[in-house]
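Residue numbers (UniProt numbering): 1 to 287.
These are calculated hints, taken from the structure and not from any lab test. All C-beta atoms, glycine included, are put in the ideal place defined by N, C-alpha and C. One or more of the hints may lead you astray.
Per label pair, the in silico range of CB-to-CB distance [what the hints assert, rightly or not]:
{"no.": "1", "residue 1": "G9", "residue 2": "V225", "range": "14 to 24 Å"}
{"no.": "2", "residue 1": "T11", "residue 2": "H227", "range": "17 to 27 Å"}
{"no.": "3", "residue 1": "G9", "residue 2": "G94", "range": "26 to 36 Å"}
{"no.": "4", "residue 1": "G70", "residue 2": "P32", "range": "40 to 50 Å"}
{"no.": "5", "residue 1": "S174", "residue 2": "G70", "range": "19 to 29 Å"}
{"no.": "6", "residue 1": "R159", "residue 2": "R77", "range": "30 to 40 Å"}
{"no.": "7", "residue 1": "R43", "residue 2": "M241", "range": "21 to 31 Å"}
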Amino acid sequence: MGEMVCVPGGTFPMGSPPWVLAWLERESQPFPGEWFGDETPQRTRTVRPYRIDRYPVTVDEFAEFVRDTGYRTGAERAGRGMVYGSGYWEERAGACWHSPAGEGRAEGYGDHPVVHVSFEDAQSYATWAGKRLPTEAEWEFAARGPVFRLWPWGDDWRRENANTAEYHAGRLHSPGEWRRWWESVRSRSGPLPQTTAVGAFGPEGDSYFGCSDMAGNVYEWNSTVAHLYDEEVECDATLRMVVGRYRVIRGGSWMNFRYQVRCSERMYGDPDGWSNFATGFRCAVDA
Numbered sequence: 001m002g003e004m005v006c007v008p009g010g011t012f013p014m015g016s017p018p019w020v021l022a023w024l025e026r027e028s029q030p031f032p033g034e035w036f037g038d039e040t041p042q043r044t045r046t047v048r049p050y051r052i053d054r055y056p057v058t059v060d061e062f063a064e065f066v067r068d069t070g071y072r073t074g075a076e077r078a079g080r081g082m083v084y085g086s087g088y089w090e091e092r093a094g095a096c097w098h099s100p101a102g103e104g105r106a107e108g109y110g111d112h113p114v115v116h117v118s119f120e121d122a123q124s125y126a127t128w129a130g131k132r133l134p135t136e137a138e139w140e141f142a143a144r145g146p147v148f149r150l151w152p153w154g155d156d157w158r159r160e161n162a163n164t165a166e167y168h169a170g171r172l173h174s175p176g177e178w179r180r181w182w183e184s185v186r187s188r189s190g191p192l193p194q195t196t197a198v199g200a201f202g203p204e205g206d207s208y209f210g211c212s213d214m215a216g217n218v219y220e221w222n223s224t225v226a227h228l229y230d231e232e233v234e235c236d237a238t239l240r241m242v243v244g245r246y247r248v249i250r251g252g253s254w255m256n257f258r259y260q261v262r263c264s265e266r267m268y269g270d271p272d273g274w275s276n277f278a279t280g281f282r283c284a285v286d287a
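My request is simple: use the sequences and hints to build the entire structure.
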């Protein structure tokens, strides 16, 4: 069930130090500073030894699970899935794990990360495979290693190392630029920028422990419930609304800016059936 990486366990700095938030402000990146407040304060965390998938779970691997169990995902049962349309997220009939854009069964994507999988779908696969979803601390340690790094490979951004919006479009400075790029590619014939085969950006884009696709390609479900590192931290008000309810998702996706695919970046998904065409998962097991 997929190649796994042995992570020896250890102690590491989880989250972002103050200089990162100051750097984000200086970068004139498109998001308010409060957006990243949930990454602070940085604290020391220790994890026990474990193994984690080298790659996100692929379409072919998920298909094997479906063939063996007859499982139907939440998107399949609903008959629709979330895709990013002309202006924002929208539901599209037929969009699901084997038809990410809702345009019939997609061929040639077997080695791409599976998407349109909810938290329940990811957990069901992991249980069938004799694994589990990683905790948030395990995910970040596997992505970063024992010392602080902005991205899995280091502190220097290299757009050729990860499947992000900037890999496809060059540097984007604002949501307006991103939207104009998105509109331009939607108007062309041929496939849109989307997931790539797992491991396509390795080894240069791999993490300290040799995990691939931990920056970009797809967001990944974690088992950890959404929480703040410090209740007094200044952060976006919408983040407080998901505390105790949503689950953590990590890594960013093919749709995101460089700032959203950092090792410390935190996002959240509703575990009650929510899925989309930019979120997948990888599994872990105790060592």
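Hint check results:
For the pair G9 and V225, the supplied restraint of 14 to 24 Å holds, since their beta-carbon distance comes to about 22 Å. Checked against the hint of 17 to 27 Å, the pair T11 and H227 passes, with Cβ atoms roughly 20 Å apart. In this structure the hint that G9 and G94 lie 26 to 36 Å apart at CB is violated, the actual value being about 43 Å. Checking the proposed 40 to 50 Å range against G70 and P32 shows it holds: the Cβ atoms sit about 46 Å from each other.
The hinted window of 19 to 29 Å between S174 and G70 is violated, with their beta carbons roughly 46 Å apart. In this structure, R159 and R77 meet the distance hint of 30 to 40 Å, their C-beta atoms being roughly 38 Å apart. The hint said 21 to 31 Å for the Cβ distance between R43 and M241, and at roughly 23 Å that hint holds.
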